[in-house]
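Student: As a plain string of letters, each chain reads:
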Amino acid sequence: NAGVTQTPKFQVLKTGQSMTLQCAQDMNHNSMYWYRQDPGMGLRLIYYSASEGTTDKGEVPNGYNVSRLNKREFSLRLESAAPSQTSVYFCASSEDQRLSSYNEQFFGPGTRLTVL
Amino acid sequence: LAKTTQPISMDSYEGQEVNITCSHNNIATNDYITWYQQFPSQGPRFIIQGYKTKVTNEVASLFIPADRKSSTLSLPRVSLSDTAVYYCLVGPTTGYSSASKIIFGSGTRLSIRP
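Just so you know, the sequences run in chain order A and B.
Basically the numbering used here = 1-based index in the first sequence + 4.
Basically the numbering used here = 1-based index in the second sequence + 7.
FYI, nobody ran anything at the bench for these hints, they're computed from the structure.
These numbers come from a predicted model, not from an experiment.
The reader is advised that the hints may include incorrect statements.
[To be verified] Restricting the straight-line Cα-Cα distance to at most 20 angstroms, the calculated cross-link-like pairs of lysine to aspartate or glutamate (EDC-like) are: (1) K61/B x D74/B; (2) K18/A x D30/A; (3) K10/B x E56/A; (4) K61/A x D30/A; (5) K59/B x D30/A; (6) K61/B x E108/A; (7) K13/A x E77/A; (8) K61/A x E83/A; (9) K76/B x D89/B.
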C-alpha cells in the first residue's frame, strides 16, 4: 500500500496563477483532510471531508477550494495564488471520524508551494 | 476548542527517558488526547492516543491524571532518531465536525544528543 500520496512535491507559482494539489489514499478511508504548515508552525486545517461527496471548512479556508472526487481522491485548488499561501501542504486521511473513537490520521509527504 | 500548551523545546541524551508534558485545562468530556511526531520534511505520524489513566504501546506511554487537565508523553530510552517535533492534540474523535475541533499547536522540538 502506498498510503497517502500527494502531487506535486514542489511547485513555484506567480501571484494570481491557479493550481490544483492532488491527494489520493489507498486505505479505503472515509475521511480526508488538507492542512497547511508555515515555517516553524504547527499544522492548520484548511478543509476536510468526512465522506465522499461532503466537504467542510476548517480553520483557514479562505483562498482555497476543495473537491472530493471519489472516496480515494481529495484535491485542493488555489484559484488565484497569493504570497501568503506560500507553505507546505499536507493531505491526510482517517477511517471514519463520525464513528471511530480511534482517530489516527495518516499523512502524505507534503507539497512545498512557493508563491512569488 | 481545547487549547494545549507544551514546551517549545527540550534537549536530552541518548538512552535517557524523555517526558513531554502538555497542559489542556479546558478539555471537554468527550475529548481524547493524541500525540503526533513530525520529522523535517515529512508529514506528522501518529504516536499514541488516550482518554484517561495510562496507555502504552511499542513506541511510547501516555499518562493522563484523573482531572485530565494535562498529559505526559513518555519516550523510553531515546535515540538520535527520536529528534523531531512532538504535537499534543486534544479534541473529539467522533461526530461529524470533530476534525475541525482538533488543533495542532506549535509542538515541542525535541533534540537528542549523543
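Student: Run every hint past the structure and note whether it holds.
Tutor: These are the hints, each one checked on the structure:
no., hint, result
1, K61/B x D74/B, "13 angstroms, holds"
2, K18/A x D30/A, "32 angstroms, violated"
3, K10/B x E56/A, "30 angstroms, violated"
4, K61/A x D30/A, "24 angstroms, violated"
5, K59/B x D30/A, "32 angstroms, violated"
6, K61/B x E108/A, "18 angstroms, holds"
7, K13/A x E77/A, "16 angstroms, holds"
8, K61/A x E83/A, "16 angstroms, holds"
9, K76/B x D89/B, "26 angstroms, violated"
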